[in-house]
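S.K.: Given next are the chains, with one letter for each unit.
There are 2 protein chains.
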Amino acid sequence: MSHSPARSAGLIIRQVSPSNLETPFHALGERITANGQFYQRSHFPVPTLQAESWRLTVRGRVMSPLKLSLDDLRALPETTVTTTMECAGNGRVHLSPRMPGVQWDLGAVGTAQWTGVLLRDVLQHAGVESGSLEVVLQGADCGTLTDPGRTPGDIHYARSLPLAKATEDVLLAYAMNGQPLAPDHGFPLRAVVPGWYGMAAVKWLTTVQITDRPFQGFFQTVDYAYWQQTDDLPPQLVPLSTMLVKAQIARPAPHDAVVAGSHCEVTGAAWTGEGVVTRVEVSADGSESWADADFLDPAETGVWRRWHYSWDVPPRPGPVTLLARATDSAGRTQCAGHDPGRGGYMINFPLPVPVTVTPTSSTSEAP
Amino acid sequence: MSHSPARSAGLIIRQVSPSNLETPFHALGERITANGQFYQRSHFPVPTLQAESWRLTVRGRVMSPLKLSLDDLRALPETTVTTTMECAGNGRVHLSPRMPGVQWDLGAVGTAQWTGVLLRDVLQHAGVESGSLEVVLQGADCGTLTDPGRTPGDIHYARSLPLAKATEDVLLAYAMNGQPLAPDHGFPLRAVVPGWYGMAAVKWLTTVQITDRPFQGFFQTVDYAYWQQTDDLPPQLVPLSTMLVKAQIARPAPHDAVVAGSHCEVTGAAWTGEGVVTRVEVSADGSESWADADFLDPAETGVWRRWHYSWDVPPRPGPVTLLARATDSAGRTQCAGHDPGRGGYMINFPLPVPVTVTPTSSTSEAP
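Just so you know, the sequences run in chain order A and B.
Position 232 of the first sequence, counting from 1, maps to 232 under my numbering, and the rest follow consecutively.
Take the position in the second sequence, starting the count at 1, then add 1000; the result is the number in my numbering.
I should point out that these hints are in silico values taken from the structure, not numbers from a laboratory.
Small disclaimer: the values here were computed from a predicted structure and weren't measured.
Take these hints with a grain of salt, some might be off.
Not everything, but these chain A residues come out facing chain B in the computed CB check (under 8 Å) [unchecked claim]: (1) W54; (2) G153; (3) A158; (4) Q216; (5) W227; (6) V238.
Cβ coordinates follow ideal geometry from the N, Cα and C atoms, glycine included.
Work the whole structure out from these sequences, hints included.
M.R.: Written out as C-alpha cells, the structure is:
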C-alpha cells in the first residue's frame, strides 16, 4: 500500500496489497543488498508510526516492565550486524503442486547491515524472571484473516523466539545499511534474527513479552510452521526457525542463451542458518557430475557468500539445465526433492536454471 | 465403509466414507444410549484388527516399555464408567457462515457405560519417568490428508492428554454397555476421557506414548483446536479439551406442530465437562424470559441429565421458537452467540427449535 515508487524501483511486485516485493535475483551485485533493492514482505498494510509517540513495551515475566522510546534505545550500546535474511517461502513458485501463499521466485532474500541494540541488553534492563521460556515479539501491523474456521480474525503480527536465541544474537534494529529504517522495512524498530528465516524478524515492533509457555499464535502454527517427522509419533507442527543451506544461481538467468564452446561465468550466492557455507558445486548435466565453484566472499557467520564458476559451455547447441548446491560447516547440504511436510516453506532443493546453448553469439549472452 | 446395516439402523448418515453417523436426537429415550444408536465419528476407514494379534504398546518416557495383549489388560482391575461423550463439532450445521467439517446436527452426542481398565493402572505398570508432560494416544486408523500445504500427508489418528488427566480418570475400554466394543466404536480398545470432547477418546488404540513436550500433531493443532483470546497477546491455538455446558431440546423436534392452549412436554438432555448440570431453563419467547425445567435424572459427574418442562402453549396460533440453556455446578452457562475463535467447534449457544402453534390437533403433536 505505501511503498515509495522511488525506493522500490526495480523490485518485482508479487502482491500489491499487502505489499510483497522481491529483488530481481539475476541482478545480484554487491554482497550488501541496497535498501531499495531489498525484498519486502508484509502481512498487513504498512502501519504509520511516529518516532516521537512510538514506544517499545517490555512486559510479561520481567522484574521491571519497560516502556522505551527510540531515544531510550539509542542510549543503549549500539551494535551493527551484517546478516542474510531469506523469506521462508522464497522459491515457492517452483513448487509443484502449487502451494498457497505469495508466489516468490528467487528474490525474497537479501543481505544488509543492521544497526540497533541487542535484545539481550533490553531484557537485562527488564530483568527476566527465572523459569521463562520464550520472548514474543509483536508488531504494530494488524488486520483480519478471512479463512473461515481456521483463523482467529483480527490480529497483530507476532512471533516468538526461545529465550536462548533471544539473548544470544537478536538485534532490535533502527537502521539498515546506515540509513534510518524505512516504513516498508519496519520503521521505527524491527527485529533481526541472524540465521533464521525472515518471519522471525518482526517489523514495526511494539511489544516484547516474556512467557513461560510456547507461543501458539497464528504465524507460529497455521502459518510459518512445518510438519516435522519423527520415528515414533505422527508428524508434528513445528514453528519455522533456522534457514536451511542453499545456493542460488543469479546468472545466467533462466532461458538465457549461452554460446556453444565459450566460457560462461555462472554466479550466485549461498547461505545457511548455522555456521558458514563451505562449498558450492555446480552441475550442468542434471546432477550427474558436480564441480566446485569459487567463493568471492570470505566465510562470515550469517552472511551469504557470493560464488562463481567458469563453465565450459558444451560445443553442441541445445538445452542445458544448470544446478547449484551448497554445503555448510555443519555438513548440511541440499537434497534433490522437496519434503512435502514443509508445505510451501524451506524450499532448498537445487532449483534448475534452464539455458539454451546457441551456435553463435548472435543472441544475448550472460555477462 | 464397514458399519453394519443392522447395528446402525436409524442413525443419520452425515458422511459415507469415512463413516460419520449421528443419533436422531429427537428420539432421545433412556439415559443410556443403545450401542446401535450411538453416534460414530471416523476420520479414516475403520481398521480391521484381530483380538489375538493386537497389542497395546506403551513406550516413551517409561521405565518398562510394555506390549500388552487384550488378556493382559483384562487381568488388570476392571472398571466401569458411565459418561456422556459429545463430538466437538456437534451442532455445526447450525453455524453461519458454514464451517468446514462434518455437518452434524444435534446427534453427535451419547451416553454409554464403558468397561475396561484405568489408564493410570497401565501407566503404573510401565513406570512414568519424572518430568513427563503428556500421554499421546495413537490409533490404528490412518489415511492421507489432502489439503496441500497444510497437512502432513499419510498419518495415524493421535491425540494427547496432559499427564494429570491421563492418570485421573481416563479409561481404556474394551466393552460398551456390556457388549464387546464393536469395530465402529474402536475394537478392540478405545480411550474414554470423561468430560472431554470425543476427539480425545482415541479408538482402535495401539500406542500409548509418554512425552516431555506438548504434542503438536494434526488433530491437536489444525483440527480440534481453537483460538484462545488473551488480554496481552494475539489469539493462540489451543487443543480442544473439556466439554462446554450445554442443553439440547429433543422434543418437540424442529418444525413440529403443537396445539394452541395445550400443555406440551419439552424434553431434552443437558451435560457439562466439569462438575454437574445444576439448572436447565426453557424460553418460549426468544430468551425474554426463562423458566426452570425439572430433571429426570440425578446429578452424576460426567453424565447427562435428561430434563423436561411442561410448556403452556400460547392460545394464539403462529410460529414460536423454543430455547433451552443449562448451568453447571461451576457456574458456567450458555451464551447467546458463537465465539468465532472456536471455528467449527464447541458450539454451545442455545440452538433455536422453531415450532408451529396450530389451532387444532389435526396435525401431529409432539408426545
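S.K.: Run every hint past the structure and note whether it holds.
M.R.: To see whether the hints hold, each was checked on the structure:
1. W54: 19 Å, violated
2. G153: 6 Å, holds
3. A158: 5 Å, holds
4. Q216: 4 Å, holds
5. W227: This hint holds: W227/A lies near chain B, its Cβ roughly 4 Å from the closest one there, short of 8 Å.
6. V238: Where the cut-off is 8 Å and the nearest Cβ of chain B is about 7 Å from V238/A, the hint holds.
Violated hint: 1 only; the structure is consistent with all others.
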